[in-house]
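Start from chain R and add chain H according to the hints.
Protein chains in written order, with the working numbering: chain R, 21 to 305; chain H, 2 to 213.
Simulated from the structure, these hints should not be mistaken for laboratory data. Any given hint could be a false lead.
Claimed, not checked - Simulated pairs of lysine to aspartate or glutamate, DMTMM-like, Cα-Cα distance not exceeding 25 Å:
| no. | chain 1 | residue 1 | chain 2 | residue 2 |
| --- | --- | --- | --- | --- |
| 1 | H | Lys69 | H | Glu115 |
| 2 | H | Lys69 | R | Asp210 |
| 3 | H | Lys107 | R | Asp169 |
| 4 | H | Lys107 | R | Asp210 |
| 5 | H | Lys193 | H | Glu115 |
| 6 | H | Lys69 | H | Asp109 |
| 7 | H | Lys154 | H | Glu195 |
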Amino acid sequence: MRYNIRQFTPSLLTIVALSLLLMPPAHATNWVGNDDGEFDVSGNPTYVGLLESFGGNMQWSSSPPNNIVSMQYNPDYWTSFWFQYFAHWFQTVIWSDQNGCGGFSIQVYSTTSGSLIWRADQGFSTCSTAFLANGATWFIREDMVSSTDRRINDVFFSIGSGSTTSSFTLYPSPNHWVWERSNLCWCGTDRGSTSFTTAWGTSNAYSNVNVNAISPPVTVSTAEDSNMPYDGFQGSGTTTMWQHFGWVPPPPPPGHCGFCPCTPSSTAGAVSVNSPKKTVEPYCN
Amino acid sequence: MQRQGLVSLVLLVVAASLLVFAISGAASVNRRLGATTNYDRFGSNGIGSIGWQVPPNTVVSTSHISNKPIAGFIEATLNVFPYQVQGGTVLYLSLYLDGQLAAATKYDLSSSYETPASVIGTVEKGVAKFSNSMLGFTVSQFPLNTSFPAGTKVTLLSWVNNPIWVQIDSNSQTHSYETLGVASYSSLSSVKPEAGIIAPYVLSVGFESNAV
Chain R
21 MRYNIRQFTP SLLTIVALSL LLMPPAHATN WVGNDDGEFD VSGNPTYVGL
71 LESFGGNMQW SSSPPNNIVS MQYNPDYWTS FWFQYFAHWF QTVIWSDQNG
121 CGGFSIQVYS TTSGSLIWRA DQGFSTCSTA FLANGATWFI REDMVSSTDR
171 RINDVFFSIG SGSTTSSFTL YPSPNHWVWE RSNLCWCGTD RGSTSFTTAW
221 GTSNAYSNVN VNAISPPVTV STAEDSNMPY DGFQGSGTTT MWQHFGWVPP
271 PPPPGHCGFC PCTPSSTAGA VSVNSPKKTV EPYCN
Chain H
2 MQRQGLVSLV LLVVAASLLV FAISGAASVN RRLGATTNYD RFGSNGIGSI
52 GWQVPPNTVV STSHISNKPI AGFIEATLNV FPYQVQGGTV LYLSLYLDGQ
102 LAAATKYDLS SSYETPASVI GTVEKGVAKF SNSMLGFTVS QFPLNTSFPA
152 GTKVTLLSWV NNPIWVQIDS NSQTHSYETL GVASYSSLSS VKPEAGIIAP
202 YVLSVGFESN AV
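One chain only, chain R, in its complex shape (with noise of 0.2 Å):
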């Protein structure tokens, strides 16, 4: 049998064509539970974050195993199998129970075996309803050394409301890991996934340079999930790009806005090639 270059190709094509069909599909449910887009920044950041701001209150039915829900910073899984130290996956994450008892982690994972590499936590120093509650903000910020080093100096953890709030800043040590693209998962814990009944809040990106708006990964990283819905990214290309999640709360008695602004264009500006099928419809007429 001759062996040629001509011959082989229709094999190789084959091939090809079957690993992309073995490949994760795009995910039908973008903009849903760990699928939402992603955010990138333009130059050298020295930091970025994620601020979360409650317009509603937060509530689920169900969390399994553990009724614990998190917010989780997850960077994208291919470009830490290509990019990051030793194919690491750096994650950080907020997580509560109903009482608004939780706690601040980073927790390191490898993308090729799997296994845990590292992590590091710290209790919330109080408990409070409140952090579930309309008004609540959570903060996770990733700062690097530098603006000519991307490694990830400390993270900057922040739940609060009102006058209750909890900060911590965690130095991870070494600290090899650098900033990779990531996106925002309100999920469960511990391979759940949530079924939220109500929420409502923006989600803020934000860095001190320019944050860019990214479609939702072919594979998703984290393997919670929940029902919690997004909308497209506003402001891309900015320093601070914002998204809402949740449902908007029913509307407000007559005279009052409630919520949102009272203008009926709050969708108005989304990033056309990252909007999702869904929108949030503006309720304030």
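Same frame as chain R, now just chain H:
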């Protein structure tokens, strides 16, 4: 012809590798990565708002016994209140397993923090209650080439050149030991964890690992 055959063979191997990679990669992703709330921690739990002003040029040694085998990695956290930190403050942390050096690191502390802690009430005997803001400085070793059995004594040595407010553990059954007047610091390859005198307070030191 032999060269073409070799090229084809290489291409075949590459394509097959891609196939295996795609399948294994796709299969592994959602099974493994994610946020877990169950973790193996021993020592102090890091919860509390009481701080002790550790004097400058003092080595403080705090040890705990692991209640499970230690594998994969070992990490220690020392919590500091961002309150009246002087510019030029340097903090050294050294981690020991059964008295043998595992890892060491150095931090240059800032004189200003975004959410500084504030004292609630008054300072008495070098101890104060603080608002809810802390800095967690870690030192760790990964990967650990060998696992260590339950019962391993894990020690954190800290040294700072200016006074800082460190979280204390009022419920601890162990002691911290201090050695005063150490003008400069370098990590020793081995230490006796109980060297020095018993410190007036126990530093809050938490350890994490990946138990087998």
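Cross-check of the supplied hints:
1. Distance restraint check for H:Lys69 and H:Glu115: the Cα-Cα separation of roughly 37 Å exceeds the 25 Å cut-off, and the hinted pair is therefore not satisfied.
2. As the CA atoms of H:Lys69 and R:Asp210 are separated by approximately 21 Å, the hinted pair is consistent with the 25 Å bound.
3. The hinted pair formed by H:Lys107 and R:Asp169 meets the criterion: a straight-line CA distance of about 18 Å does not exceed 25 Å.
4. A distance of roughly 33 Å separates the Cα atoms of H:Lys107 and R:Asp210; the hinted pair therefore is violated under the 25 Å criterion.
5. Between H:Lys193 and H:Glu115 the CA atoms are separated by roughly 38 Å; this puts the pair beyond 25 Å, and the hint is violated.
6. For a cut-off of 25 Å, the pair hint linking H:Lys69 to H:Asp109 is broken: about 33 Å separates their Cα positions.
7. Using a Cα cut-off of 25 Å, the hinted pair H:Lys154 and H:Glu195 holds, with the two alpha carbons roughly 11 Å apart.
Going down the numbered hints, you'll see the structure goes against 1, 4, 5, 6, while the others check out.
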